[in-house]
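A.B. asks: What follows is the residue order along each chain.
2 protein chains.
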Amino acid sequence: MFAKVLVAEDMEDINKGVYATLRELGITEIDQVQYCDDALLRIKRAAYDGSPFELLITDLSFVADHRTQKLSSGESLVQELKQSYPELKIIVYSIDNRLQKVRSLINESCVNAYVCKGRRGLRDLSDAIFMVYNNKRYVSQEVQNALRSNSTLEVDDYEIELLKHLSKGLSQDEISELFKTNNISPSSLSSIEKRLNKLRIQFNANNAIQLVAMMKDVGLI
Amino acid sequence: MFAKVLVAEDMEDINKGVYATLRELGITEIDQVQYCDDALLRIKRAAYDGSPFELLITDLSFVADHRTQKLSSGESLVQELKQSYPELKIIVYSIDNRLQKVRSLINESCVNAYVCKGRRGLRDLSDAIFMVYNNKRYVSQEVQNALRSNSTLEVDDYEIELLKHLSKGLSQDEISELFKTNNISPSSLSSIEKRLNKLRIQFNANNAIQLVAMMKDVGLI
DNA sequence: GTGCGCTTTACGGAAAACCATAATGAGTGT
DNA sequence: ACACTCATTATGGTTTTCCGTAAAGCGCAC
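Just so you know, the sequences run in chain order P and G. Sequence positions in the first sequence follow our numbering and run 2 to 222. Sequence positions in the second sequence follow our numbering and run 2 to 222.
Worth flagging that the hints you see were computed from the coordinates, not collected in a lab.
Intra- or inter-copy, both count: the list cannot distinguish identical chains.
Cross-link-like lysine-lysine pairs, in silico, DSS-like; alpha carbons within 27 Å at most: (1) K169 / K199; (2) K181 / K217; (3) K71 / K102; (4) K137 / K90; (5) K137 / K5; (6) K199 / K217; (7) K165 / K217; (8) K195 / K217; (9) K169 / K217; (10) K169 / K71.
All figures in this text were calculated on a predicted structure; none of them were measured in a lab.
Using the sequences and the hints given, assemble the complete structure.
C.D. replies: Encoded structure:
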């Protein structure tokens, strides 16, 4: 079993649950951090000292507080780590069940497991640790679909970006200008209209207001 | 200190954290449930047996799964309990920081404490338990504002109604017609425009989309 | 009654969103 | 080179929202 594990999770109670689970698995050397930057530092330091971590268990969302952070989310942490320390195993442990996000983490960032927090969270996590230790991949039942078919009912990052700007009060025209200056494509007003129209149809929304309201409900923005 | 406590929380790892905290406070009789309905049943049963719970610590959101539930959220559980068992102390322990929701829980449902999950979650919870035990109220720093009467309080029922219809995709014209047939005054398109304009100024929103998004964030609609 | 303050309603123009359709362009396969 | 598909961009017209201003309605004091 793994000997040295790092847990990155901003909520201390979840940290406790994970900690207890790791102990039950017989893992003795467990470090915990509440900030992404700390996780990176700790891993760097351990590698430098010649006793690197073998496994990282990390959340995705870390709420911002007074401390200013370079890495603001688990995603950026994972990206950074998988580049610098490809041999480090990573398990993402998050409440986020948006398929698109999981897919990109698995396929692009190459995390070793994705476990959904929830009623079965810790049991799944336990399974995941076993699997990852045996060089297998693990994905919670809730988001298994993310690996299979590309269900079209998904919302990609571009669209989320678009909806976020909308919800912040920008007009479609202003968003178009913004995308042009930031070299985000497509950027024409026409394309933005078209994309929003697609989303409205997709989610049976009458107008942009309802669309944004629905996305808020789902927690997508 | 409390002797008999029930914890309602669907995530088992958080349950572990809360459990550990309660143990540290010297509380020995701790029951845990993962469904709202179970919480209600357990409390009823304990009261019937003559050894009622003294404190309930509950989450707000319980994700639905295969088990069909009568009570779907912590809110409904709290409402039900505060009616039937007014002497039961209730602490809400949730990640939800929408002020309006907190306000209604504190003022209408009369919960004894509202603790935000987060980095300081368990420490705050510990404080809250002490305070509640001494018949004081406790509210996490993050949502202290919810108790002070401030801007969000100045939205009346008519405006909430209006915003809700907006968020459901009705046009201002349609809302006007709806209000006319339902004898809700004012109902003219002009008045609706004016009211929305007032709200936009009040909340510094650029347009109706942003306004609805902000109201969603605050939990007003 | 008249005057005053406030709310509701009405109207018109500008801006933005909505909608259909057409043109352009990039990539693919033959 | 050609046809074909698909995404992006462009264009014009209709509806809705946004915004200012003005008129009508109403309670109230004098």
